[in-house]
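Enquirer: Can you build the whole structure from these sequences, using the hints too?
Listed in order, the protein sequences are those of chains A and B.
For what it's worth, our numbering labels the leading residue of the first sequence as 244, then goes sequentially.
For what it's worth, our numbering labels the leading residue of the second sequence as 57, then goes sequentially.
Just to be clear, a hint being listed does not mean it is correct.
Claimed, not checked - Restricting the straight-line Cα-Cα distance to at most 16 Å, the calculated cross-link-like pairs of lysine to aspartate or glutamate (EDC-like) are: (1) B/Lys-127 to B/Asp-82; (2) A/Lys-313 to A/Glu-248; (3) A/Lys-342 to B/Asp-153; (4) A/Lys-285 to B/Glu-115; (5) A/Lys-342 to B/Glu-115; (6) A/Lys-245 to B/Asp-94; (7) A/Lys-245 to B/Glu-115.
Claimed, not checked - Looking from chain A toward chain B, a few residues come up when the C-beta cut is under 10 Å (computed): (8) Pro-251; (9) Val-262; (10) Tyr-275; (11) Tyr-279; (12) Gly-286; (13) Pro-287; (14) Glu-288; (15) Leu-289; (16) Arg-320; (17) Leu-331; (18) Ala-333; (19) Gln-338; (20) Leu-343; (21) Phe-345; (22) Gln-347; (23) Gly-348.
Unchecked claim - Ranges of calculated distance between the beta carbons of each label pair, as one might list FRET restraints: (24) B/Arg-100 to A/Asn-265: 34 to 44 Å; (25) B/Ser-123 to A/Pro-257: 17 to 27 Å; (26) A/Pro-355 to B/Ser-123: 43 to 53 Å; (27) B/Arg-162 to A/Lys-310: 32 to 42 Å; (28) A/Lys-310 to B/Glu-135: 40 to 50 Å; (29) A/Gly-302 to B/Asn-118: 38 to 48 Å; (30) A/Ser-296 to B/Thr-63: 40 to 50 Å.
What the hints contain is simulated information worked out from the structure, not anything from laboratory work.
The structure displayed is predicted, hence computed values, not measured ones.
All residues carry an ideal CB built from backbone N, CA and C; glycine is no exception.
The residues making up each chain are set out below.
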Amino acid sequence: QKEVEQDPGPLSVPEGAIVSLNCTYSNSAFQYFMWYRQYSRKGPELLMYTYSSGNKEDGRFTAQVDKSSKYISLFIRDSQPSDSATYLCAMRSIQGAQKLVFGQGTRLTINP
Amino acid sequence: NAGVTQTPKFQVLKTGQSMTLQCAQDMNHNSMYWYRQDPGMGLRLIYYSASEGTTDKGEVPNGYNVSRLNKREFSLRLESAAPSQTSVYFCASRQTDTQYFGPGTRLTVL
Numbered sequence: 244q245k246e247v248e249q250d251p252g253p254l255s256v257p258e259g260a261i262v263s264l265n266c267t268y269s270n271s272a273f274q275y276f277m278w279y280r281q282y283s284r285k286g287p288e289l290l291m292y293t294y295s296s297g298n299k300e301d302g303r304f305t306a307q308v309d310k311s312s313k314y315i316s317l318f319i320r321d322s323q324p325s326d327s328a329t330y331l332c333a334m335r336s337i338q339g340a341q342k343l344v345f346g347q348g349t350r351l352t353i354n355p
Numbered sequence: 057n058a059g060v061t062q063t064p065k066f067q068v069l070k071t072g073q074s075m076t077l078q079c080a081q082d083m084n085h086n087s088m089y090w091y092r093q094d095p096g097m098g099l100r101l102i103y104y105s106a107s108e109g110t111t112d113k114g115e116v117p118n119g120y121n122v123s124r125l126n127k128r129e130f131s132l133r134l135e136s137a138a139p140s141q142t143s144v145y146f147c148a149s150r151q152t153d154t155q156y157f158g159p160g161t162r163l164t165v166l
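Expert: If you want it as structure tokens, here you go:
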């Protein structure tokens, strides 16, 4: 069983929809949670970063962490065609500064 | 400021051939990483270097070697390529909790 599970999709939604992307994990030591966005044929780039539980909002993006359920989410409001990309969750423990564990990535397409 | 650069962008090898993937960063970061990305598998860590002069194995190190040449450069070597090493390879450097990725090398082993 993988430490981090993410539905690979693909996920296709109309422009303006609210998108929910999710990851589950099994390692209760994970404390730091990130979402990376990867455009086609490019390297991933950090989109959101949260520590421990709770919500973090940045413009149209909200990251949510539920440590009791070992579940993290990324919400995209008012989705735009430019949001079409693969979204990877990533996480690490306090001691694991050098070792991020990534989910498989979810390929998202926003249709105009 | 180029960030993280990787060469080559594409490569086709025959089974048994060797090659070195080059990576350089100009952000003065201590930590550097090599990942491979395969469909349905996400990013898997091959090797990392926490600082100049040190290297450590990641999740999938078999068949690879690395060299941290200096603070800027971190290379990945395939001594005897196998079809299972067909993948997209990403180099990254890290500052606090942000990893900065290069554009990737697409490698095909026939």
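Enquirer: So which of those numbered hints doesn't the model satisfy?
Expert: Result: hints 4, 9, 16, 19, 24 and 25 break, sorted rising.
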